[in-house]
Every structure is written in structure tokens, then in C-alpha cells.
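This is what each chain is made of:
There are 2 protein chains.
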Amino acid sequence: MAPPSALDPAIADRLRRDPAGLVAAVVQQYGSGEVLMLAWMNDEALHRTLTTGRATYWSRSRQEYWVKGATSGNVQHVRSVALDCDGDALLVTVDQTGPACHTGTRTCFTGRELPVTAPGQDQPS
Amino acid sequence: MAPPSALDPAIADRLRRDPAGLVAAVVQQYGSGEVLMLAWMNDEALHRTLTTGRATYWSRSRQEYWVKGATSGNVQHVRSVALDCDGDALLVTVDQTGPACHTGTRTCFTGRELPVTAPGQDQPS
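If you read the sequences in order, they're chains A and B. Here the first sequence is numbered in my numbering, starting from 31 and rising by one per residue. Here the second sequence is numbered in my numbering, starting from 31 and rising by one per residue.
FYI, nobody ran anything at the bench for these hints, they're computed from the structure. One or more of the hints may lead you astray.
Which stretches of chain B does chain A cover? Using the computed rule of at least three CB atoms under 8 Å from a CB of chain A, they are [to be verified]:
#1 53-65
#2 94-102
#3 126-139
A few chain A positions that, by computed beta-carbon distances, are all more than 12 Å from chain B [to be verified]:
#4 Thr82
#5 Tyr95
#6 Thr123
Calculated from the model, a selection of chain A residues having no Cβ within reach of chain B, i.e. all distances over 12 Å [as the list claims (entries may be wrong)]:
#7 Ser35
#8 Pro49
#9 Glu74
#10 Ser91
#11 Glu94
#12 Thr133
For each residue, glycine too, the CB sits at the ideal point set by N, CA and C.
Model the full structure from these sequences, guided by the hints.
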């Protein structure tokens, strides 16, 4: 479960967390609209993001807070945060310094397309 | 766990699923770049999305497959699908018919901003 947090209770009440206490955070470049990455936040990561203006996540693999860019320098300055209609996802718009992906690509999705094989996929059926 | 699926094993091998067998699917409008919603896919939902060209998700609340727009008419025609660097998130670009959100708003994030209270949030520090 999520550790204690200073997150505004009015916001905390709106979160619908997964069994690990997390909500998904979709990270989008302000202006261009590029989707940079997907990360995870617990209450405290959201609190820190809202109050510091630096995108802060919960690392599921390392089980620790992770200020994006703290080691790489590729920081994210937060422009806005919105919570979706059912409370399980955040949309975080940022100004991304450098590449968003730890592999060095601009986004974590760059060059990683899967084949869509539907016949006539561009034609409504 | 996820039910059996016809998903290409080469793709299935790249998925890093949560304990419920799911990956997050970020859904983005082709062209405008709007982030419309976040949903969830298991292997079979991804297989159906890739092979039918109609965005298909797994409903965590109803525990069933869900072809977006099947009841509302607000379908999503799939333009592309990409898997992120660590295999736990998909970026699905679509042509959205009508509003994406069941509440009637264009996206599930529309009008749901949280306050960012960081001092000088637009100024790199």
C-alpha cells in the first residue's frame, strides 16, 4: 500500500488506485502533444509533483520515489496535471529536457510500432 | 491472469503485464495529439485491436472485453500501436468518432485539472 502522504485529501479521495496503491501517469510534451512515456504515481508522488513542479514518480521495479531527470539531467518541468473521469489515470503535461526515454530516444514509444494487420483499417466499417 | 490469446508470441514475449495480466493503453487522437483516455489491455484485447483495427480493451470493473463505441457509437479506428521500452504501456493512435469520454466530454481529462502550486513552476530551477 501507499505510504502516508501529504496529498490534499480532497484530491486523494478522487484517486482510484490499483492494488499496489498506484495510478497511471501519462506524460505529454506541452505544445507538441507528443506522448513521452507512461509512469506510475502513488499519493505522495502526486503531491510532490503538484507542489514542486518537477515530475516525480513511484518506481515499481525499485520501489522508491523517482524525480525524473535527477540522475540523467533529463528533467520534466510540469505545466499541468489532470485526473481522468474515473480517477485511475493522470495526464501530466511537461517541458521535457533532452530525451524522455532512458534508451536515448525522444519518447519511450519511438520506433517501437506493432503491426496493425486489419484489412482496410483506415476505412470505417 | 489473462485468458488464452491468439496474440503473436513474439509480441506477447515483449509484454510486461501487471499482476492482473494487463498493460496500460494510452489512447491518442491521430493528428491533433490529444490524449483521449487511458484503458487496459490483456493479450487478447491487444490481438483484437491489431487484427480488427477497432480499439478493444479489457474492462477491469466489468471483467470483460470492451470494443470502444460498441454501444455508444463513439468508435475508435486504430491508426497505429506502439509498445514502450519496458513493455508495460501501449500508445494507440486512433480516429475517434464523437466524444471519447462516457461523460460526454471530448477526452476523459477535459476540465479535470488539479492545482499545480509549485512556485515559479514554469521556470527551470
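Here is how each hint holds up against the structure:
no.: 1; hint: 53-65; verdict: holds (count 7)
no.: 2; hint: 94-102; verdict: violated (count 0)
no.: 3; hint: 126-139; verdict: holds (count 7)
no.: 4; hint: Thr82; verdict: violated, 5 Å
no.: 5; hint: Tyr95; verdict: holds, 16 Å
no.: 6; hint: Thr123; verdict: violated, 9 Å
no.: 7; hint: Ser35; verdict: holds, 14 Å
no.: 8; hint: Pro49; verdict: violated, 7 Å
no.: 9; hint: Glu74; verdict: holds, 15 Å
no.: 10; hint: Ser91; verdict: violated, 8 Å
no.: 11; hint: Glu94; verdict: holds, 16 Å
no.: 12; hint: Thr133; verdict: violated, 5 Å
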